[in-house]
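Following the hints, position chain B against chain A.
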Amino acid sequence: MRLRGLVRKEFLQVLRDPSALAIALVLPVVLLLLFGYGVSLDSQHVPIALVVDHPTSDTMRLCAEFAYSPYLAPITMHGLPEARQAIMERRVDAIVHLREDFSEKLRRPEGASIQLIVNGVDANSARIVTGYIESAYGKWLEHSSSHVGAAPSIAVVMQSRVWFNSNVLSRNFLVPGVIAVVMTLIGALLTALLMAREWERGTMEGLLVTPVSMNEILLGKIIPYFLLGMGGLAISVSMSVWLFGVPLRGSLMVLVLASTLFLLTALGMGLLISTLARVQFVAGQVAIITTFLPAFILSGFIFDIGSMPRPIQWLTHIIPARYYVSLLKTNFLAGDVWSVILPNALALAVMAAFFLGMTRWLSRKQLD
Amino acid sequence: MARLLALIVKEFQVLLKDPRSRFVIIGPPLIQLIVFGYAATYDVTEVPIGVYNESPGEASRDLIAHFTGSPNFQQVATIAQAGEIGPLLEGQVALLVLHVGPRFERSLSQGTPARLQVILDGRNSNTALITLGYAQTILKKFNAQWARQHGLPEPPARLEVRSWFNPNLQSRWFIVPGIVGLLTLVVTMLVTALSVAREREQGTFDQLLVTPYHPWEILIGKAIPGFIIGTLEATLIILATVYWFQVPLQGNVATLYLGVLLFLLSAIGVGLMISSLSLTQQQGLLGAFLFLVPAIILSGFSTPIANMPPLIQKLTLLNPMRYFIVILRSVFLQDAPFALLVNQMWPLAGIGLVTLALAAWLFRQRMY
Numbered sequence: 037m038r039l040r041g042l043v044r045k046e047f048l049q050v051l052r053d054p055s056a057l058a059i060a061l062v063l064p065v066v067l068l069l070l071f072g073y074g075v076s077l078d079s080q081h082v083p084i085a086l087v088v089d090h091p092t093s094d095t096m097r098l099c100a101e102f103a104y105s106p107y108l109a110p111i112t113m114h115g116l117p118e119a120r121q122a123i124m125e126r127r128v129d130a131i132v133h134l135r136e137d138f139s140e141k142l143r144r145p146e147g148a149s150i151q152l153i154v155n156g157v158d159a160n161s162a163r164i165v166t167g168y169i170e171s172a173y174g175k176w177l178e179h180s181s182s183h184v185g186a187a188p189s190i191a192v193v194m195q196s197r198v199w200f201n202s203n204v205l206s207r208n209f210l211v212p213g214v215i216a217v218v219m220t221l222i223g224a225l226l227t228a229l230l231m232a233r234e235w236e237r238g239t240m241e242g243l244l245v246t247p248v249s250m251n252e253i254l255l256g257k258i259i260p261y262f263l264l265g266m267g268g269l270a271i272s273v274s275m276s277v278w279l280f281g282v283p284l285r286g287s288l289m290v291l292v293l294a295s296t297l298f299l300l301t302a303l304g305m306g307l308l309i310s311t312l313a314r315v316q317f318v319a320g321q322v323a324i325i326t327t328f329l330p331a332f333i334l335s336g337f338i339f340d341i342g343s344m345p346r347p348i349q350w351l352t353h354i355i356p357a358r359y360y361v362s363l364l365k366t367n368f369l370a371g372d373v374w375s376v377i378l379p380n381a382l383a384l385a386v387m388a389a390f391f392l393g394m395t396r397w398l399s400r401k402q403l404d
Numbered sequence: 570m571a572r573l574l575a576l577i578v579k580e581f582q583v584l585l586k587d588p589r590s591r592f593v594i595i596g597p598p599l600i601q602l603i604v605f606g607y608a609a610t611y612d613v614t615e616v617p618i619g620v621y622n623e624s625p626g627e628a629s630r631d632l633i634a635h636f637t638g639s640p641n642f643q644q645v646a647t648i649a650q651a652g653e654i655g656p657l658l659e660g661q662v663a664l665l666v667l668h669v670g671p672r673f674e675r676s677l678s679q680g681t682p683a684r685l686q687v688i689l690d691g692r693n694s695n696t697a698l699i700t701l702g703y704a705q706t707i708l709k710k711f712n713a714q715w716a717r718q719h720g721l722p723e724p725p726a727r728l729e730v731r732s733w734f735n736p737n738l739q740s741r742w743f744i745v746p747g748i749v750g751l752l753t754l755v756v757t758m759l760v761t762a763l764s765v766a767r768e769r770e771q772g773t774f775d776q777l778l779v780t781p782y783h784p785w786e787i788l789i790g791k792a793i794p795g796f797i798i799g800t801l802e803a804t805l806i807i808l809a810t811v812y813w814f815q816v817p818l819q820g821n822v823a824t825l826y827l828g829v830l831l832f833l834l835s836a837i838g839v840g841l842m843i844s845s846l847s848l849t850q851q852q853g854l855l856g857a858f859l860f861l862v863p864a865i866i867l868s869g870f871s872t873p874i875a876n877m878p879p880l881i882q883k884l885t886l887l888n889p890m891r892y893f894i895v896i897l898r899s900v901f902l903q904d905a906p907f908a909l910l911v912n913q914m915w916p917l918a919g920i921g922l923v924t925l926a927l928a929a930w931l932f933r934q935r936m937y
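Going line by line, the protein sequences match chains A and B. Its first residue numbered 37, the first sequence is counted upward by one per residue in the working numbering. Its first residue numbered 570, the second sequence is counted upward by one per residue in the working numbering.
Fair warning: there could be bad hints in the mix.
Unchecked claim - Quick list of in silico lysine to aspartate or glutamate cross-link-like pairs, EDC-like style, CA-CA up to 16 Å:
| id | chain 1 | residue 1 | chain 2 | residue 2 |
| --- | --- | --- | --- | --- |
| 1 | B | Lys-883 | B | Asp-904 |
| 2 | A | Lys-45 | A | Glu-252 |
| 3 | A | Lys-141 | B | Glu-729 |
| 4 | B | Lys-710 | B | Glu-723 |
| 5 | B | Lys-709 | B | Asp-631 |
| 6 | B | Lys-586 | B | Glu-615 |
| 7 | A | Lys-141 | A | Asp-89 |
| 8 | B | Lys-709 | A | Glu-170 |
| 9 | A | Lys-141 | B | Glu-723 |
| 10 | B | Lys-710 | A | Glu-170 |
| 11 | B | Lys-579 | B | Glu-786 |
| 12 | B | Lys-710 | B | Asp-631 |
| 13 | A | Lys-45 | A | Glu-234 |
| 14 | B | Lys-709 | B | Glu-729 |
| 15 | B | Lys-709 | A | Glu-178 |
What the hints assert, rightly or not - From the derived model, a few chain A residues whose C-beta atoms are all more than 10 Å from chain B:
| id | residue |
| --- | --- |
| 16 | Glu-118 |
| 17 | Arg-143 |
| 18 | Gly-238 |
| 19 | Val-318 |
| 20 | Ser-399 |
Keep in mind that the hints were calculated from the coordinates and are not lab data. Treat the numbers as computed from the prediction; the structure is a model and nothing was measured. Built from N, CA and C at the ideal position, the CB exists for glycine as well.
Isolated chain A, as found in the complex:
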């Protein structure tokens, strides 16, 4: 009965503060829309400069191959200086340069050369652009044998298949990860701030002298934010599946159980931070630095953990979001793979127990 009063008070506090409500309900939707529609690692219609010193029918055939590619948007330029200026101003991402003697050398045994200059500032995009141009060049090689008279000299061809995400859409891999960020925001950041405010204002001490037990106080904090987090999960999953068409191949049961474990961990972290910091400015900073940013960068959400240096890979093991992101991606894209689900769920359960236990232990000490 007393517990119900506490839960009710907490709910009213969230509902009446527009900024808390924005974090709990608006930000998740905004984040999902941004990652679902806005952000993408798939480049299309990449502008490239074509510089042909001496146009002939051979160079035209090669240029046509670039124009034909759906990934490239070639722009013809006169001379390298103009192209260099365009690359500096970031109007094009690459330059393809065919020299004066291209046609001539094409028919000689040593062969001609096609110069490709890419803007390497964004290494990832540079690699993708190089790949697009290479595949256009490969097509030209296949077609060119009939004109130039050289037999194709390809011994082994590659057949690639991508499982779980056959069109290699970055949306399918980003959107499940956003759910982990959303849950971290609601579970850890919001909880840390709201608890710290009670300490700062002295209402927490007022609560401590009432007959309410410590367990009831903590449950009174956990229950409303748990429900809020589950609401966030429901919004996120519905948007992922129905709006963005991300496949949900695993069972909903596993998804809900994994999310419960992660949410309890995040709540535990939030409560622990606010118990230790007790000042909103510090609690907010610590919550952003220890929960939100790692969920973004160290969880495997955008950057692959396997590519990080070893010490950083070890460090990711203490980031709860890492286990949750792995669970989410497998659950959405691959299905119920128990060899992935069980170890990750176990790690989350241990972390949830640790953080909630620590909070309970430290909170008891405050009473005396």
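Showing chain B alone in chain A's frame:
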């Protein structure tokens, strides 16, 4: 002048008196720079691969040795039956499976292209694409070697790839200058977004408004500490970028610092605007957060703006971080002259002036 100085000194005292908030301004950003500088990478190394070789001959073994000998790949499993491929990929033991069919050798000796099947885990679409690119490069080398050894004709033209500004295509050179912007933004926003809100919550802002200070004096008093802390923070991070991460600073330091100052102007403007809108510290913090998250995602820091839908690309024009990221990367890697960056500088100044004016206006308008 003396009374303005008194206000500035007081602002500094508020920020630096609490040892925890002192630490929060200096410690975490540096730790984040180091951790994220190493963690945030799109480069893929030591991809775990499984090998399924059904062909008994020497050529297939040679082909597979090309893969296992590369630093990009690491063989973790040898597969004897097709049924083993599924669990290996699903359980994330291997990211890629190479499959050489039983007829590989025969097709090769008959001169028809032999097939190499590559199966990838697409849960992280970006890693999958990059890995596929590596595999294609290795196969190309193998084909060239095969052609030479067996006297097949050379291709009529070769593609010669060069990368400007970042010759080894290290994604760290791209990410770390971005982190300079990211951390400067986060610290400056947190310092300024709380400054007015804290006084409002404690009731001292009303007192400040009835003193002989002009609103613009209060504005300067609130802005200067943000400027100084932001500049020092940026300097610290730029030094670490150059001396710790060894990212070359090709361009002019004066141009870089002009960019830093204009960026700080706009970040402080936004921070103070949020702060004057907020009635409590909590709202200030959450408001800052509501601005930070989209500002970082839509800045081109981790995903290119060119890949976003046109509507969102237009929206990013309002984002100060977007311009600063371009300035940072252009000055660091491209040695961009000032003239090339004017188009990035004036929007920053514009955003700064508009938001600062709004903040000063809100000082008086939002009183309860």
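So if I understand the rule, the pair passes when the alpha-carbon distance is 16 Å or less; does Lys-141 (chain A) with Asp-89 (chain A) pass? Holds - the C-alpha atoms of Asp-89 (chain A) and Lys-141 (chain A) are around 14 Å apart, at most 16 Å.
Given hint Glu-729 (chain B) paired with Lys-709 (chain B) - CA-CA distance at most 16 Å: holds, 13 Å
Taking 10 Å as the cut and beta carbons as the points, is Ser-399 (chain A) off the interface with chain B? At roughly 20 Å from the nearest Cβ of chain B, Ser-399 (chain A) sits farther out than 10 Å, so the non-interface label holds.
Has the given pair, Lys-141 (chain A) with Glu-729 (chain B), been kept, meaning a C-alpha gap of at most 16 Å? holds, 15 Å
Does Val-318 (chain A) sit more than 10 Å from chain B, CB to CB? The assertion about Val-318 (chain A) is violated, with a minimum of 5 Å to chain B.
With the threshold set at 16 Å, check whether the alpha-carbon distance from Lys-710 (chain B) to Glu-723 (chain B) stays at or below it. Satisfied, since the Cα-Cα distance of roughly 13 Å is no more than 16 Å.
Going straight from one Cα to the other, do Lys-141 (chain A) and Glu-723 (chain B) come out at no more than 16 Å? holds, 13 Å
Lys-45 (chain A) paired with Glu-234 (chain A) [C-alpha distance capped at 16 Å]: Answer holds: Lys-45 (chain A) to Glu-234 (chain A) is near 12 Å, not above 16 Å.
Has the given pair, Lys-883 (chain B) with Asp-904 (chain B), been kept, meaning a C-alpha gap of at most 16 Å? With a Cα-Cα distance of about 27 Å, the restraint between Lys-883 (chain B) and Asp-904 (chain B) is violated, given a limit of 16 Å.
Gly-238 (chain A): least C-beta distance to chain B exceeds 10 Å? holds, 14 Å
Quickly compare the C-alpha distance for Lys-586 (chain B) and Glu-615 (chain B) to 16 Å and report which way the hint goes. Distance ~48 Å between Lys-586 (chain B) and Glu-615 (chain B) Cα, so the pair is violated.
Please verify whether Lys-710 (chain B) and Glu-170 (chain A) have alpha carbons no more than 16 Å apart. holds, 14 Å
Hint check: violations occur at hints 1, 6, 17 and 19; the rest are consistent with the structure.
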